[in-house]
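This is what each chain is made of:
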Amino acid sequence: MSPLLFGAIVFTLGCYVLAMALALLRLVLGPSAQDRVLAMDLLCTIGMLVLMVLAIRYRSAAYFEAALLISLFGFVSSMAMAKFLLRGEVIE
Amino acid sequence: MTEGWLGWIELCVATLLVLSGLFTLAAGVGVLRFQTFFQRMHPPALAFSLSAWCVALASVLFFSARREELALHAWLIIIFLAITVPVTTILLARTELFRRRTHGASSAEIPPPLSHVLRTSSEAVQAPKVEQPGASQRT
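Heads up: the protein sequence lines correspond to chains H and L, in order.
The opening residue of the first sequence carries number 2 in this note's numbering; numbering runs sequentially from there.
The opening residue of the second sequence carries number 15 in this note's numbering; numbering runs sequentially from there.
Heads up, some of the hints might be wrong.
To be verified - Chain H is faced by these chain L residues, among others (derived, beta-carbon under 8 Å):
(1) Ala28
(2) Leu36
(3) Val43
(4) Phe51
(5) Phe76
(6) Phe77
(7) Ile91
(8) Pro100
(9) Val101
(10) Arg108
(11) Leu132
Just so you know, the hints here were simulated from the structure itself, not pulled from any lab data.
Keep in mind the model is a prediction, meaning the values are calculated, not measured.
Virtual Cβ for every residue (Gly too), placed ideally from N, Cα, C.
Model the full structure from these sequences, guided by the hints.
Next comes the structure, spelled out in structure tokens:
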């Protein structure tokens, strides 16, 4: 792996960590519940992006299944929480 | 010759990765710093669409160049994200609207319903003078 690609990967992971910290701050501060749901959704997506970058770093395609799973569970959980906030129950 | 070609591929991959990192950082800053929820809903779309697309393109390029065949794992994630993200976004927007209406927000904070907007605009197109009492009645 060339030093250029390695440096780019380290920079990208650093940016992701900073963005995750900012989203986590919004998750803690968030004045309303839907702010927290939105920040949680963003956290899930950034975690998925981290896994996809790690797949490039370690040259292994096994990370893609984990990324797909994280994105799937993030979608289901944030949709369930949004439905709960909307109606008070998930399944009517 | 092969070495130079791989160098160009790695340059493209590195550029896409750096772009996606910057877009995600912008999304995080926006989520933290915007004032209202309807404004805060917009920056995550940057992470969901643009930076996810950049990472997917980078990994498709990287693995295709490495194995010397087309490696399209990442498209699955992108397609899945493109289907699911609008659902979550619309549900969260409906939630914010519902909670503003039911939890006693002042009427200036609640966006008017779309049917009302469409009716007043069509009335304004047909007869411009009718629009004025309708607007005063609303406030």
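Unmet hints by their number, sorted upward, for this structure: 8, 11
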